[in-house]
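Please model the complete structure; the sequences and the hints are all you need to start from.
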Amino acid sequence: MDVLYVALTLVFAGAMVGFVALCVAVEKKP
Amino acid sequence: MQANDITMLVAYAIVLVAASYPLGLFMARLASVEGLSSRWVTVGERGLLRLAGIRADQGMSWMQYAVALIVFNALGALVVYGLQRLQAVLPLNPAGLSAVSADSSFNTALSFVTNTNWQGYSGEATMSYLTQMLALTVQNFLSAATGIAVAFALIRAFASRSSNSIGNFWVDVTRCSLYVLLPLSVVLAVVQIQQGTIQNFDAYRDATTLEVTSYDNPKTGPDGQPLKDDKGAVVTEPAKTPTQTIAMGPVASQESIKMIGTNGGGFFNTNSAHPYENPTPLTNFLQMLAIFMIPAGLVFTFGRLVGDMRQGWALFAAMAAIFVVMAGIGIAAELHANPLLSNLGVDGSVGNMEGKETRFGVVASALFAAITTAASCGAVNAMHDSFMPLGGLVPMWLIQFGEVIFGGVGSGLYGALMYAIVAVFIAGLMIGRTPEYIGKKIEAYDMKMVSLAILVTPMIVLLGTAIAVVVDAGTGGVANPGAHGFSEILYAFSSAANNNGSAFAGLSANTPFYNVALGIAVWFGRFGVIVPVLAVAGSLARKKRLAVTAGTLPTHGLLFVALVVGTIVLVGALTYVPALALGPVIEHLQLFATH
Numbered sequence: 702m703d704v705l706y707v708a709l710t711l712v713f714a715g716a717m718v719g720f721v722a723l724c725v726a727v728e729k730k731p
Numbered sequence: 003m004q005a006n007d008i009t010m011l012v013a014y015a016i017v018l019v020a021a022s023y024p025l026g027l028f029m030a031r032l033a034s035v036e037g038l039s040s041r042w043v044t045v046g047e048r049g050l051l052r053l054a055g056i057r058a059d060q061g062m063s064w065m066q067y068a069v070a071l072i073v074f075n076a077l078g079a080l081v082v083y084g085l086q087r088l089q090a091v092l093p094l095n096p097a098g099l100s101a102v103s104a105d106s107s108f109n110t111a112l113s114f115v116t117n118t119n120w121q122g123y124s125g126e127a128t129m130s131y132l133t134q135m136l137a138l139t140v141q142n143f144l145s146a147a148t149g150i151a152v153a154f155a156l157i158r159a160f161a162s163r164s165s166n167s168i169g170n171f172w173v174d175v176t177r178c179s180l181y182v183l184l185p186l187s188v189v190l191a192v193v194q195i196q197q198g199t200i201q202n203f204d205a206y207r208d209a210t211t212l213e214v215t216s217y218d219n220p221k222t223g224p225d226g227q228p229l230k231d232d233k234g235a236v237v238t239e240p241a242k243t244p245t246q247t248i249a250m251g252p253v254a255s256q257e258s259i260k261m262i263g264t265n266g267g268g269f270f271n272t273n274s275a276h277p278y279e280n281p282t283p284l285t286n287f288l289q290m291l292a293i294f295m296i297p298a299g300l301v302f303t304f305g306r307l308v309g310d311m312r313q314g315w316a317l318f319a320a321m322a323a324i325f326v327v328m329a330g331i332g333i334a335a336e337l338h339a340n341p342l343l344s345n346l347g348v349d350g351s352v353g354n355m356e357g358k359e360t361r362f363g364v365v366a367s368a369l370f371a372a373i374t375t376a377a378s379c380g381a382v383n384a385m386h387d388s389f390m391p392l393g394g395l396v397p398m399w400l401i402q403f404g405e406v407i408f409g410g411v412g413s414g415l416y417g418a419l420m421y422a423i424v425a426v427f428i429a430g431l432m433i434g435r436t437p438e439y440i441g442k443k444i445e446a447y448d449m450k451m452v453s454l455a456i457l458v459t460p461m462i463v464l465l466g467t468a469i470a471v472v473v474d475a476g477t478g479g480v481a482n483p484g485a486h487g488f489s490e491i492l493y494a495f496s497s498a499a500n501n502n503g504s505a506f507a508g509l510s511a512n513t514p515f516y517n518v519a520l521g522i523a524v525w526f527g528r529f530g531v532i533v534p535v536l537a538v539a540g541s542l543a544r545k546k547r548l549a550v551t552a553g554t555l556p557t558h559g560l561l562f563v564a565l566v567v568g569t570i571v572l573v574g575a576l577t578y579v580p581a582l583a584l585g586p587v588i589e590h591l592q593l594f595a596t597h
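Residue numbers (my numbering), protein chains in the order written: chain A, 702 to 731; chain B, 3 to 597.
Just so you know, nobody snuck in bad clues.
In silico EDC-like pairs for lysine to aspartate or glutamate, Cα to Cα no more than 16 Å straight-line: (1) B:Lys545 - B:Glu445; (2) B:Lys242 - B:Glu213; (3) B:Lys545 - A:Glu728; (4) B:Lys546 - B:Glu445; (5) B:Lys230 - B:Asp105; (6) B:Lys221 - B:Asp232; (7) B:Lys221 - B:Glu239; (8) A:Lys729 - B:Glu445; (9) B:Lys450 - A:Glu728; (10) A:Lys730 - B:Glu445; (11) B:Lys233 - B:Asp474; (12) B:Lys242 - B:Asp208.
Here chain B is said to cover these stretches of chain A; the calculated rule only asks that three of the stretch's residues, wherever they fall, bring their Cβ under 8 Å from a Cβ of chain B: (13) 709 to 715; (14) 719 to 729.
Worth flagging that the hints you see were computed from the coordinates, not collected in a lab. Note that the Cβ used here is the ideal one computed from N, Cα and C, for glycine as well.
Following this line, the structure appears as structure tokens:
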């Protein structure tokens with residue numbers, strides 16, 4: 702179970718970094 | 003309402019302004035790139051930053067700032083998770099508490115990192131002293147510092163004259179922790195101890211009670227964890243005891259930052275209703291003050307840094323207007339007797355005392371509830387679940403406004419500024435001009451990000467509630483089926499996604515379903531808002547500040563205050579009134595129609 706929840710936390714963090722990338726992409730779109 | 007209640011309300015308003023104004027001006031110095039000037043005072047800051055290899059004058063783009071913030075908080079979550087899982091083999095565990103279950107550890111880790119402090123567990127029966135201090139209290143500081151840092155970044159963006167940087171996240175977090183949160187916490191902790199709050203590492207004590215107590219004891223499995231049935235509810239068996247165990251611990255040090263950082267996670271299960279957490283009416287007053295002090299102060303920080311204190315006062319007025327009305331409704335509702343109890347012969351002359359501490363009374367309890375939910379604190383000194391239906395609607399709706407009425411430390415101000423931008427945008431549409439706020443043009447990208455920041459939490463709240471009321475794992479935790487049970491679920495998701503942490507306690511939420519679902523809500527409700535807010539900051543920072551002309555909408559007058567109030571209330575009403583109608587509104591009509 703520990704692996705699952707640690708992985709889930711990392712996935713959540715990754716999702717937020719992805720969200721940052723998405724916002725940057727929207728910003729750069731002409 | 004009695005004379006001492008009115009005195010308390012007036013004193014609260016006066017002391018709040020008197021304390022938050024200078025604090026706000028002090029925080030303005032911290033938010034500036036230069037920081038404090040005294041080399042003696044800043045020796046700790048410089049030492050810590052040097053140790054970490056950070057240059058204080060090195061700015062970050064909004065993207066770098068956001069990634070640093072996310073990585074920092076994700077690492078914090080992993081540490082909190084690990085400490086809970088390992089607490090049985092770590093020191094400072096005199097009660098011999100076993101490891102916290104994996105799903106509860108996950109929920110608590112995300113909850114404390116996001117400044118939510120939702121607690122599905124009972125603190126004194128679950129967490130060792132080491133976990134309380136090293137995991138939970140540390141995160142109380144760091145999550146609060148994170149919120150203030152984001153507010154600093156956004157304020158600097160408004161104040162800047164075209165820059166690619168919104169500041170340095172590591173510098174902001176260090177300064178907020180060292181110069182604001184730590185000193186205030188130490189002062190409040192000392193006062194708390196003087197008033198009777200405990201601070202020790204003693205083992206729990208057993209006291210013989212006057213009569214034998216009957217209770218339902220949770221059954222535990224071989225691993226020491228509570229056994230649960232198919233629906234996830236804890237399995238209990240009847241038991242009797244002639245003694246009562248009195249929990250001890252380092253309470254004062256956690257209590258002070260819990261209020262100052264608008265965290266809200268209690269050392270004990272009953273939170274600020276417990277006499278060791280909140281022993282006297284004076285500590286109750288100071289705790290209410292501590293909740294609003296930094297959020298109210300940040301409004302003045304904003305005014306100072308953008309060079310026009312009237313801008314700060316305008317936001318303060320908008321927040322205060324909504325707060326006074328909502329708190330008034332809540333207090334009025336709780337001053338009514340509950341007809342169900344009156345029918346049983348209970349004296350209701352002082353109002354609804356169910357779930358309230360006699361040392362605080364109705365008004366101080368209802369006011370505390372309004373303050374703790376207008377801010378993102380979530381500490382409670384009374385059981386919100388026992389409030390009258392409309393008395394319970396007030397804290398729930400205040401949470402659903404997005405906690406921008408003073409709000410959480412940092413999160414309140416950056417949330418309120420999102421609404422201010424919407425207000426300016428709507429005003430711009432009305433008069434056919436490009437909207438401007440504090441001399442910054444509000445353009446399409448800014449509005450997209452503002453919309454995201456405002457819509458993320460309602461989406462999580464309403465979707466989460468909808469899922470929970472249709473799946474067995476969600477309805478299994480409801481002890482009060484019907485309108486009140488719906489209110490309990492709606493409150494839970496509202497509280498989690500808006501990072502409040504208080505609860506309508508009737509919901510059994512320490513189940514894998516709620517631990518994971520609310521874990522998702524706290525995480526995305528926090529960072530799903532922070533990311534677009536930082537994007538707005540990055541965009542605004544790059545823009546030049548335009549001079550005020552005859553065509554500029556004044557954003558310091560009564561008209562703008564009314565616009566901001568209208569925007570907050572309308573968005574909150576349009577988003578949540580249908581759901582509120584199914585919960586507290588129906589409950590109110592049922593209660594008073596039948597009685």
